[in-house]
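Student: Sequence:
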Amino acid sequence: MKTTSAIAKKSQVETLAKLYLESAPAEISEATISELCDWLWGEFQSTPLNLEFSWYERYNNAAEMFTDIKQSHLWVSAENYVRHNDGN
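All the letters of the sequence shown, read from the start, carry residue numbers 4 to 91 under the numbering used here.
Calculated directly from the structure, the hints in this document are not laboratory data. Just so we're clear, the structure is a prediction, and the values are computed from it rather than from any experiment. Just so you know, even glycine gets a beta-carbon here, dropped at the ideal spot from N, CA and C. Among the hints, erroneous ones may be present.
Distance ranges between label pairs, derived from CB positions [claimed, not checked]:
no.	residue 1	residue 2	range
1	73	40	22 to 32 Å
2	9	58	22 to 32 Å
3	23	80	18 to 28 Å
Please model the complete structure; the sequences and the hints are all you need to start from.
Tutor: Take a look at the structure:
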């Protein structure tokens, strides 16, 4: 039997998934983007994992990733953090 809390969480996840899949993209101001980036950087700095950026390291599957996480280590793709300058 599911608890009321578990049912509520499932409902919240379903609602968020529906919003994500069916909603139009949000327009976010530069100030909000800057605030979000500052918050993410703070979260990144406080993570207990030893994050390392790499252009070449990739996980082939979740098992490889979880093996590293168990050892407090995680490779992160550097290409996800590069701002491309397209001349605009």
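Student: Now tell me, hint by hint, if it's right for this structure.
Tutor: So, going through the hints one by one against the coordinates:
| no. | hint | verdict |
| --- | --- | --- |
| 1 | 73 - 40: 22 to 32 Å | holds, 29 Å |
| 2 | 9 - 58: 22 to 32 Å | violated, 42 Å |
| 3 | 23 - 80: 18 to 28 Å | holds, 22 Å |
Checked against the numbered hints given earlier, this structure breaks only hint 2.
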